[in-house]
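A.B. asks: Please construct the entire structure, taking both the sequences and the accompanying hints into account.
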Amino acid sequence: MKMPTAAQLRKPILMVNGAREDLVSRNEPTSLTALGFNVTQLVFGDDGHTAESNMREHFEFTANWLMRRLKVGD
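For what it's worth, the working numbering labels the leading residue of the sequence shown as 541, then goes sequentially.
Hints in this document: simulated from the structure, not taken from any laboratory.
A quick note: this is a predicted structure, and the numbers were derived from the prediction, not measured.
For glycine and all other residues, C-beta sits at the position ideal for the given N, C-alpha and C.
Errors might be hidden in some of the hints.
[What the hints assert, rightly or not] Ranges between beta-carbon positions, derived for each pair:
(1) 570 - 602: 17 to 27 Å
(2) 581 - 546: 17 to 27 Å
(3) 568 - 547: 14 to 24 Å
(4) 582 - 544: 33 to 43 Å
(5) 608 - 573: 25 to 35 Å
(6) 605 - 564: 12 to 22 Å
(7) 586 - 547: 31 to 41 Å
(8) 606 - 563: 14 to 24 Å
(9) 542 - 604: 29 to 39 Å
(10) 593 - 544: 24 to 34 Å
(11) 596 - 543: 20 to 30 Å
C.D. replies: Below, the structure written as structure tokens:
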């Protein structure tokens with residue numbers, strides 16, 4: 541993987557998966573963090589790719605995470 545640009549490093553990354561993830565390497569968040577990316581990871585222990593069985597919970601988390609990153613008020 542080539543080194544990211546400064547502009548890329550300023551963009552936060554949210555990764556939502558289940559512990560039984562089968563499409564994304566479990567090491568990917570750690571690898572991205574090691575490159576300097578700001579990674580937030582939400583993992584559901586009883587789910588797989590994109591935590592489909594927990595959509596309601598992670599949509600709320602994702603909306604709040606995005607609002608904080610955009611600094612959106614009430």
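A.B. asks: Run every hint past the structure and note whether it holds.
C.D. replies: Consistency of the hints with the structure:
no.: 1; hint: 570 - 602: 17 to 27 Å; verdict: 21 Å, holds
no.: 2; hint: 581 - 546: 17 to 27 Å; verdict: 23 Å, holds
no.: 3; hint: 568 - 547: 14 to 24 Å; verdict: 20 Å, holds
no.: 4; hint: 582 - 544: 33 to 43 Å; verdict: 22 Å, violated
no.: 5; hint: 608 - 573: 25 to 35 Å; verdict: 19 Å, violated
no.: 6; hint: 605 - 564: 12 to 22 Å; verdict: 18 Å, holds
no.: 7; hint: 586 - 547: 31 to 41 Å; verdict: 37 Å, holds
no.: 8; hint: 606 - 563: 14 to 24 Å; verdict: 22 Å, holds
no.: 9; hint: 542 - 604: 29 to 39 Å; verdict: 32 Å, holds
no.: 10; hint: 593 - 544: 24 to 34 Å; verdict: 32 Å, holds
no.: 11; hint: 596 - 543: 20 to 30 Å; verdict: 38 Å, violated
Hint violations for this structure: numbers 4, 5 and 11, all remaining hints satisfied.
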